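Colleague: What follows is the residue order along each chain.
There are 2 protein chains.
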Amino acid sequence: MTKRRQFLAALVAKAGAENVLTDPGDCLPYGLDNSGMQGLPVAVVFATSAAQVSHIVHLCRDHQIAIVPRGRGSGTSGGAVVLGDAIVLSSERMNRILEINRADRYCRVEPGVLNGDLQSALARHGFFWPPDPSSADYCTVGGNLAYNSAGPRAVKYGTPRENTLGLSVVIGNGNILECGVRTTKGVVGYDLTRLFVGSEGTLGFITAATLRITPLAKEKRSLRALYTSIEAATQAVTRIMGQPDTPCALEFMDATCVRLLREANPDLLPARTRAILIIDLDGSPAAVDAATDRVARYAKHEDLLRLNTARNQAESQQLWSARKALSPRLREIAPGKLNEDVVVPVSRLPDLIHGLDALAQRHALCIANFGHAGNGNIHVNLLYDPADASQSAAATRCLDDVLKLVLSLGGTLSGEHGVGTQKRDFIHRELGTDVLAAMRDIKYCLDPDNIMNPGKMLPENPA
Amino acid sequence: MTKRRQFLAALVAKAGAENVLTDPGDCLPYGLDNSGMQGLPVAVVFATSAAQVSHIVHLCRDHQIAIVPRGRGSGTSGGAVVLGDAIVLSSERMNRILEINRADRYCRVEPGVLNGDLQSALARHGFFWPPDPSSADYCTVGGNLAYNSAGPRAVKYGTPRENTLGLSVVIGNGNILECGVRTTKGVVGYDLTRLFVGSEGTLGFITAATLRITPLAKEKRSLRALYTSIEAATQAVTRIMGQPDTPCALEFMDATCVRLLREANPDLLPARTRAILIIDLDGSPAAVDAATDRVARYAKHEDLLRLNTARNQAESQQLWSARKALSPRLREIAPGKLNEDVVVPVSRLPDLIHGLDALAQRHALCIANFGHAGNGNIHVNLLYDPADASQSAAATRCLDDVLKLVLSLGGTLSGEHGVGTQKRDFIHRELGTDVLAAMRDIKYCLDPDNIMNPGKMLPENPA
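Protein sequence lines correspond, in order, to chains U and B. Take any residue in the first sequence, count from 1 to its spot, add 544: that is its number in the numbering used here. Take any residue in the second sequence, count from 1 to its spot, add 544: that is its number in the numbering used here.
Please note that the accuracy of each hint is not assured.
Same chains, same names: a pair is fine if it fits in one copy or spans any two.
[What the hints assert, rightly or not] Below, computed lysine-lysine pairings styled on DSSO-like, alpha-carbon distance capped at 27 Å:
(1) LYS764 - LYS700
(2) LYS547 - LYS764
(3) LYS881 - LYS547
(4) LYS700 - LYS762
(5) LYS868 - LYS764
(6) LYS762 - LYS881
Because the hints were derived from the structure by calculation, they are not lab data. Owing to the predicted nature of the structure, the values given are computational and were not obtained by experimental measurement.
Construct the entire structure; sequences and hints are all you get.
Modeller: Next comes the structure, spelled out in structure tokens:
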């Protein structure tokens, strides 16, 4: 028996035959994510329990086979892509909601629960879990935790980091760690919970999570403000974030987004629109009406073209329609897209948007910018035709300039998409040598054989 | 020249003579904290910059002399007490507020800034930093970060963990790490920021912090509910925490606290009072009045004796007077006090309080319980006379039972006071062998010579 066949036989024995796929045709769909990259796993294993995962990790250590933890592969940064000899460890069969505890404001879930399914179950109890990535209907809570994936609501309610109380994790040495607490306070020992949140599967595999849940607000209002200048929109963002009525969403679209949307549907927006803000507010009925009026005043500017308020869900969907139409439209017009996910301090948004416009001109590319303005988190989309070699080269050069611009503004290279394989070679610019060395040391002490998602997040060790 | 004198000469050279104390009379006050323990440091060094601290760490590594990081020594768990051969590294001269950035909702501070001074400076801009320990007037932000110290406001606004964006830390190997971001989102690399928050100086010395700040609410209302039973109070807590109007303080006092207060001042509270809740709500004027009415309804119970609402600051101070009188009163009646700081899920508060009453009876001790009920964080005070050997022994046995009770209820041993030397020998009960091993591994990789606050937090390595 070859070593590979020995490994697969042991894997079936440890994981259960019903939990292992080895046929390449079955395995191939598990080797990709939404980055467009793909690899072929040696096998796909469906995790069923912390004990089973621990057995698998020990086996993979013995055989020096890597493990790629996987939710549903909706990530865009290549974190779930198979590189080299690796099995995929999928959470899709660990998809139970274990407990919803309203009085104690927590729930416990397995990692494969879909974000949207969890939100539906919580809503029946009058609660929600704040992280709301746009892929909520088909991404897993485990994946959200691995990337610290957020979404529009983070501006008021925080990211997974602020909404996770405890984790069960099988780390790279095979140990099962029960980290954190079931309470909103707890200071016993180091904060391992948040060390694992955002670690992209490079330290261990999450087998259960205790999540902090929040009561649903009674009412929600939406505002949409159309401006004839970027300055007007970004100044409004700064004013709104400087006062106590924090919106539960504060979304931005730039002039390029407006132009692309109008090309498809000229009636969607007035011709003079150069920037859009969509602002959601929630709270009790009395509070939210007063807050909406106050925020509407902060949104005022001489370049304000139109301000619409939605008082019910149908009107709100109408106001959000331009934002929802955007991603399909971007996919339609450009076969190639470098989708960055940068963050700058809110007050630097005007500098970021103007800087990006200048880079678009310099590199003769179309750059469409939109995103979570209240967090300063902008999705920067470099659109190009990958069949055109000079455009591809221009996009690569432009990306380099975009990242320089972001760091020069005191920002960070990723707000919620993560590093994965796509940004791995850039993060040293942000973190520096000593911070990277400390991260590598921590990786080594929890995963001594480097079997947990190797080649992701941390750059290659310098020779 | 002896080795010790060589070390001191080098220390003066590295730190600057004006920043070093060596006279034992000068050094002694820096060797204690609010735990009652005390040690004599080899020297006291005043930190002035990250570079200076890095030089000192390298020197201490060379000489195998420990470093005890110190704010103002207001901690109660012995974390800042000198054990063995150690210098104290004090943050008290690094006390500048470096930047207050209202538009971007952050401030940058040196570690020695007093919490109260920071709050005053922020209030002038209409902002605050949520952590509000009762020692706010004389504790440092660096100390708050080291212990993840919170206070009443945490129930709505979170602890330092949720309110810190980035840190500069000199770790035990001498490297200077710039961790985190200036934005509310950021997912590049492992979350070192929160690994340092709550690490009690055992990984490094914080030289600067970027803190997330929050706009001050326009209005605040206080409610005080007096109950004739514990059940009525704890059921009200559960109902209040299950709905969206989260209070900005939800404080509890038990029947023993009431009795001790009434012994000193019979007019302070009605004789039948067995439990007290104090509830603060904040928000915009319209919102806070409506929320106060709603929460008042949730506080209703057939055992509700009296419900008072304060509509201005003077009335609010009146409602809080019993709570403020409590700590001095406890100090007055019992020379010995074991001051625990446990947390249980909110729904288990009745079981905790009844269990503590049973333990008080069994061990013939007085136990007074009060604290931050909205977080399930109760300060359990075992009162005894240390001159009485049998009482002291009973207190020690009782403490053991208290910790067992807390863990049996799914709780944690400390919510905000930290582990230090006082709870170090107990945390293995909560964390287990594998979690402690992972924490030790992380400590070793950032502080390979174990010079950063050794003997604190983590139990001795098993032989």
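Colleague: Evaluate LYS762 and LYS881 at a C-alpha cut-off of 27 Å and name the case that applies: within, between, both or neither.
Modeller: For LYS762 and LYS881, the Cα distance exceeds 27 Å both inside one copy (39 Å) and across copies (45 Å).
Colleague: Under a CA distance limit of 27 Å, which applies to LYS700 and LYS762: within one copy, between copies, both, or neither?
Modeller: both (15 Å within a copy, 18 Å between copies)
Colleague: At most 27 Å between CA atoms: does that hold for LYS764 and LYS700 within a copy, between copies, both, or neither?
Modeller: Intra 13 Å, inter 20 Å, cutoff 27 Å: intra and inter.
Colleague: For LYS547 vs LYS764, is the C-alpha pair at or below 27 Å within one copy, between two copies, both, or neither?
Modeller: neither (59 Å within a copy, 69 Å between copies)
Colleague: At most 27 Å between C-alpha atoms: does LYS881 with LYS547 qualify within a copy, between copies, both, or neither?
Modeller: Neither. Shortest intra-copy (41 Å) and inter-copy (64 Å) distances fail the 27 Å Cα cut-off.
Colleague: For LYS868 and LYS764, with the copy left unspecified, which applies at a CA distance of at most 27 Å: within, between, both, or neither?
Modeller: within (18 Å within a copy, 39 Å between copies)
In summary, the numbered hints that this structure violates are 2, 3, 6.
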